[in-house]
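*Asks:* Residue strings, one per chain:
2 protein chains.
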Amino acid sequence: MSRAKSEVLDAAAEVFMTLGAEAASIDDVARHLGATKGRIYHHFPSKGVLLAEVCLRAADFAHRAVHPVLDPDLPPDVQLRQMVCAHIPAVLGSLPYHKVILQSFVGMSQKSTTALERSLLADIRQERKAYETLFRDVISRGMACGAFRSQNISVALHSVLLMVNAPVFWYQPRAEDSTDFMTDLSEQLADMAVAALQ
Amino acid sequence: MSRAKSEVLDAAAEVFMTLGAEAASIDDVARHLGATKGRIYHHFPSKGVLLAEVCLRAADFAHRAVHPVLDPDLPPDVQLRQMVCAHIPAVLGSLPYHKVILQSFVGMSQKSTTALERSLLADIRQERKAYETLFRDVISRGMACGAFRSQNISVALHSVLLMVNAPVFWYQPRAEDSTDFMTDLSEQLADMAVAALQ
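Each protein sequence line maps, in turn, to chains U and V. Each residue of the first sequence is one higher than the one before, starting from 9 at the first, in my numbering. Each residue of the second sequence is one higher than the one before, starting from 9 at the first, in my numbering.
Treat the hints as calculated values from the structure; they're not laboratory data. Quantities reported herein were computed from a predicted structural model and do not represent experimental measurements. Cβ coordinates follow ideal geometry from the N, Cα and C atoms, glycine included. Errors might be hidden in some of the hints.
To be verified - Where chain V lies over chain U, by a calculated footprint (3+ residues, C-beta under 8 Å):
1) 23-35
2) 172-185
3) 188-197
With the hints as constraints, model all of the structure from the sequences given.
*Replies:* The following block contains the structure:
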């Protein structure tokens, strides 16, 4: 992705987070960026496409962070811990994107109108599903070998994912947040996720 | 609360959930109710007040369900389990209210303008805090006596609360859902909540 396009997405994520994707306009994004609407339309044909690209990139941030730690030879509890520890800093480092995703979870998503927007929404669902599947697989592997207790896997999966994503609701980036803070937070959530399944 | 007022709130919760509180109008609520706008304004002076009353009632549903099981003499893990088992059916039985609350968590809350609306928003924050405190207290008691492991209590509290509320995101009421379904779901989430803290 070009740097110019990336900057527009960052600005859009910030503005959609603050005003709500429903209420925010391309004008608001342009103002935040100190740019003309033309600069935005150069990369994104509509607000719907811009919103969809923000959501797609949110999943991408998490996916890229977790991918390198995937190793089917690791015990499931160790694997899950590593996935959570990779997930947290990636998500909190791109917080506005994930706040926008949350809006869409609670039914605030823009009605899609164009074929391009509908196709992007299908991509988002597929990306989200693929990411969830990484966690479903490790939980399922853990249940099969007795590392995790047997229970309804969909209920467990969604509860664990929401548990580790709780900081998306409360986290406010602060200058004084150190690497230690992020490590401690990630480890606490990884411990809780593994314990919840045992 | 009068039955007439309660019916308006139920309709508003449903409409705010479906259309988003930001996008929905008093007209939409009236249409859903098959009533005039006058009937709504008779009970609620503005959309802001109506939205605030929906949020207040959401907290009230949970509070009323959990209050009867509070017992400071119970061991913390048993107490937490009972609280979660009371919380789940209450929340899923008033789902639209809690979906609307979720919208406000992700920054979609209506800008408040009148003094009445601002005062209601303060009430909502206080109610929410009071409810969280019930869970904070039992977790804190559990950490003090060694039933739960020592860790950052705010991080633990918010993650556990979000974990048990995960069904608010995915649950779709269906005719075939039995009492057994609700009991199984509540017990699974109670087990996960207790395990996450141990």
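*Asks:* Next step is simple, just say for each hint if it's right about the structure.
*Replies:* Structure-based check of each hint:
1. Chain V is given as covering the segment 23-35 of chain U, and this holds because 5 residues of the stretch bring a CB closer than 8 Å to a CB of that chain, at least three being needed.
2. Under a criterion of three residues with beta carbons nearer than 8 Å to beta carbons of chain V, the stated coverage of the segment 172-185 of chain U is upheld, 6 such residues being counted.
3. Three residues within the 8 Å Cβ limit are the bar, and the segment 188-197 of chain U against chain V gives 4, so the coverage statement holds.
Going down the numbered hints, you'll see the structure goes against none, and every one checks out.
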